[in-house]
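Starting from the given sequences, assemble the full structure and let the hints guide the process.
These protein sequence lines are chains A and B, in that order.
Under the numbering used here, the residue at position 105 of the first sequence is numbered 105, and the numbers go up by one with no gaps.
Here the numbering used here runs 1000 ahead of the position in the second sequence, where the first position is 1.
Heads up, a few of these hints could be off.
Stated by the list, open to error - Chain B regions said to be covered by chain A (calculated; three or more residues, Cβ under 8 Å):
hint, region
1, 1113 to 1124
2, 1218 to 1231
3, 1266 to 1279
Said to hold, decoys possible - Some chain B residues flagged as far from chain A (calculated, every beta-carbon gap over 10 Å):
hint, residue
4, A1014
5, L1020
6, L1021
7, N1036
8, E1041
9, A1101
10, R1103
11, Q1157
12, S1170
13, Q1287
Note that these hints are calculated values from the structure, not bench results.
A virtual CB, placed ideally from N, CA and C, is assigned to each residue, including glycine.
So you can see what is in the structure, the chains are spelled out below.
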Amino acid sequence: MPDNLSKKHFLTLTGGILAALNLSVYALVYQYEPFNPLINRLILNGLTVATAGFAAIVLTLIVDCFQPEEPPRRMWGAFSGAMWCWTIGEVIWAWYNLTVLEVPDFSGADIFWFIGYVFLTASILNQFKLIYFGQMSALYSAATVIWTFSIMLTTMILAITGSTDILIDFMGVFYPIADFFVAATALILVITFRRGTLAYPWLSLFAFVVADSLYIWATSSDIYNYEMSGSITNLMVDGAYQLAYIILSWGVFQQLLLLKFGANFQSTDAPPPGK
Amino acid sequence: MNILSFETIKKLNAVDNRDLLSQVKERGLTGLAAANPSSKEQVIWLLMGGEVIHGYQSNGIGAERISSEQLTLAPAWNISVYPLPGRVVQFSKVLIEHKSAVRTINSNSAELLTLAKSFSKDENPTLMQIQWRDAEGLILVSGCNLGHQQAAFMSPQGNSEDAEALTRMSEWPTKECRVNVYSGNMESTAWVEAQLCLLFEWSASLLLDRYGYLTGKTMVGSVTRDLVSQALRFGRDFSTTGPNLTEKTIFPSPAEMFTAYQNSFRLEMRHIQSVIGVGMMTIILRQMQTSLNKPYQTLLQRYPIFE
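Structure, rendered in structure tokens:
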């Protein structure tokens, strides 16, 4: 196995260097805008799409590691579906940003991000199913309650605030509520798998939710400037979002390495048990 | 001494005792060696991998464990060696050391598995010794609804163990058989060992099964490879089929058995915990412990293999 271990270390190191490079280039281009505006936006959007796409590809490779009848396949399949939806969402968002600069408040990207949450619910549900060995009725009930509560709360908030543009406002309120539940369930999974490799993907998802919430907070409180200038606040918000994608990619990449090369586990010989 | 009916088991052919013992050593045989020093006395030795683990001496009233040396010190006795599956040697210890009454039931091949299933609800394990006129089988049922069984089957056509043995027994053409039922208790060391072995196989397999459910078959493979390699380094008769572990090593005492099982279980837990984490491991261990009834809980307190 030493060959496998060195391969794993090499890939981990390469992944680490690429992740650092990704974030550095993003921060530098974002803050100093060294090229013409279109090229700058192309690099920044390209890095986000590429990172999200990388996570989606890695998740697809993870799904491929399981036989169709194996229970974890469904969980990873749904996670992969969520990531592909978010990647498409990022592509649409990038397209608007490159062509019309200011992205509409509601676009096709939102539809894919919304569908992504449905897939993510399926993935989290399947992960809980694996933990609690098939107590599905309780889990389905919990998921139904959470979704119903999220949609009802969103609708109530829209009614109270007297929303005029339902779709835009719906998504604006729904994201933080959905993020809260994703973060809460991801946190439960992180605690359950604490000190285990299986915690990484959920920990990274938790980081993504934190960054996403930061973005929602900044845009809704008008401290975010849609024109990507050298603003530190913008850099922190968008940088956190990019970092979260990097962390998510890192988390799922670790899972792929685990499946391909085994656990980072050094067996130590116990004293001979005798015959 | 309650033992097997050796009539249906092939004996090892040899010129004399010295030749017999050298064959045992060279071929790394597992099985039983038997001798009758006098008309009232019987001596049985347990062999594993060509080594004598220990023996039993009976004077017609009860059987006592004796050291391994006596086999080499008994050149004048007419010794017979029976190569047997490891499981049979494990079960033989229980047969020999069993002290309570033995129940006998007349049954037939087709009903054996149903009969075994009925014992699985009992508090303690049960050893079924099944005797046909041309074959012999043994089934150890875990009890406590754990759904775990060990089995061995011997016939002139050959021997088999566990799942294969159960199939052969249920399909054996000579239908009529007699079943001697040995109800488990903690009276004898052999029963403690048998129960500890059942507990180890069941818990280690269940942990692997749960791990496979969470992470997939590929991940199970890397744990079983580590377990097998550790066990083989210490000369144990240990194997795996998917997440199912089989331990057929004959240990000289429950203490040594416990050390070996604890080492395997620790290795398995450390490996699995590095992937699924402390919290999930605690959930699985708690689920396993709550499925155990009082006799198994008592055994676990005495031999804490999960720690």
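Each hint tested on the structure:
no. : hint         : result
1   : 1113 to 1124 : violated (count 0)
2   : 1218 to 1231 : holds (count 5)
3   : 1266 to 1279 : holds (count 11)
4   : A1014        : holds, 24 Å
5   : L1020        : holds, 21 Å
6   : L1021        : holds, 18 Å
7   : N1036        : holds, 27 Å
8   : E1041        : holds, 27 Å
9   : A1101        : holds, 33 Å
10  : R1103        : holds, 34 Å
11  : Q1157        : holds, 30 Å
12  : S1170        : holds, 28 Å
13  : Q1287        : violated, 8 Å
Hint compliance for this structure: hints 1, 13 are broken, all remaining hints hold.
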